[in-house]
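Work the whole structure out from these sequences, hints included.
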Amino acid sequence: MSNKNPSSDLRDRTIAELASLLHAREISAREVTETYLAEISTRDETLGCYLTQTRERALAQADAADARLSAGTDLTPLTGIPIALKDIYLTEGVRTTCASRILEDYIATYDGTAVAKLRAAGTVLLGKLNMDEFAMGSSNEHSAFGPVRNPWNTDYVPGGSSGGSAAAVAAGLAAGTFGTDTGGSIRQPAAHCGVVGIKPTYGRVSRFGVIAFASSLDQVGPLARTVRDAALLLEAVAGHDPHDATSIPAPVPCYADALTGDVNGRIIGLPREYFGEGIDAEVVVAVKKAAAHLEGMGAKIEEISLPHTRYAVPCYYIIAPAEASSNLARYDGIRYGLRVNTGGDLDELYEATRTQGFGPEVRLRIIVGTFVLSSGYYDAYYRKAQQVRTLIKEDFTKAFERCDAILGPVTPTPPFKLNEKIDDPIAMYMSDVLTIPTSLAGLPGMSLPCGISKAGLPIGLQLIGKPLEEATILNIAHAYEQSTEWHRKVPVR
Amino acid sequence: MTTTKQTDIRAIVKRTSELARLSLPPEEEERFIAKARALLDYVEQLGELDTTGIEPTAHAVAFAQVLREDVPIASEKAATILEAAPERDGPYVQVPKVIDSEQ
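From first to last, the protein sequence lines are chains Y and B.
Its first residue numbered 1, the first sequence is counted upward by one per residue in the working numbering.
Its first residue numbered 1001, the second sequence is counted upward by one per residue in the working numbering.
Hints may contain errors.
As the list claims (entries may be wrong) - Quick list of in silico lysine to any residue cross-link-like pairs, SDA-like style, CA-CA up to 25 Å:
no.	chain 1	residue 1	chain 2	residue 2
1	B	K1097	Y	E348
2	B	K1014	Y	D423
3	Y	K466	Y	M297
4	Y	K288	Y	G261
Note that these hints are calculated values from the structure, not bench results.
As structure tokens, this is what we get:
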């Protein structure tokens, strides 16, 4: 090691850079891991990213990675890379809470498929990250274990529900992280924290071992400092899995190889609905500037229309709670998790456990979901929402007859302050107005930084692709990123 | 679209909470009802769209029936899974009595 003070710069390295240093044996996985663990010790008390730290396991995994790197066999681009996971991923032998009291002391009994793949690749697990309880939220304020703060300004939210995953990357408390996205839960916090996040096509990554929120929408994806890093992380987890019948049996391309930086002739659509009423002027300016930049690189920018955009949020707030009410019926205090036994009968045990175990937002969504599925209301709400979902999906199908990708803002505004929207659910839900349509249509979408607001907070650019065309949007994102400086801007430590 | 405006939101929340096996602490009730009303009023706007003849979408990706081969696979996790149960009696998960002895 040539540098006398490795900790000062190792934490700023991308995964791709760390991999080449590790493979060349210029640094050890233990050094990298110790650097990150030290950062977490010093700075996470303020930020609140980690719910569980797996320090001993991390050091053991780092030593095992170093052994692999010394032997020079069985190496992957992720061998020895310290990562962290949203606390929605089951990790065998490690506490997995979903940021809920109902799973506060739950130790997962198996690794989910994505976790098993990351472990086999030789990654080092630093710990489990804070989130909105059961992934329901857009600010990380709905965690049962306290909020996460935005590393750019701790008065502001990091976004949600993968708030810990985004803030940890932005603050340099992990080299890369994984989140989940149901209506924007990777893309929105990535935008608010100024990092890269991708929600792949529904079915691209197995959901086996990822705690279910809304099963027709949930999808696994990475958050990282650069597009290349996100590509490396995505490739490691993508692919068909016999344990998830909704995973797509299509081959996984080498996403990193797709990053040519050439966007010449690519047709990129700008939906006029994504720049209209309710979208902050600073956001519009930053995103349009990014579009002009890509035009300068040879892409063709065309205005398009996604006419049902404004119906996506109400559609989602029927479908997602409906699915959640069904998925969360399993938390009954019988087989695992919290049990509140009042000494009464079984029904009393269920009710006491669920009432004490779930936080207010989760209870709201369960009750709304139960209502829209209940006899006499099903057709008016749930079936209606599913029909609207078809219309939203068709908007995209039409747009993609002409376009290679769609570009717009990720969020209608830059990050908001803690407590600003906590009592107004509709205002909070509108944070996801530009990410929910993609989720309902099952399409890949990603967020990358494209500006800083006057208040000094990040602004995100969203790229949406055709089904299974993650490589296309990753390449456009890479072309933009590498010819601009936004990815080099990090919050003051 | 059937509207909830004429219906008593309080009654809906009460009935649905029972179905969902949840109870609302009295101090939370008003705030909760206000939020539920806001949300249910908000989704009413889907009624503006004519969806006659539109097929519902349950899943963004259409899947054919996915079945694996019917071969037993051994699980070695039984003991670990059982350990996760909050109350146990040997190899059983303990629950309050569900059968009335007088029946």
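**Report entry** Which numbered hints fail
**Finding:** Those not satisfied: there are none.
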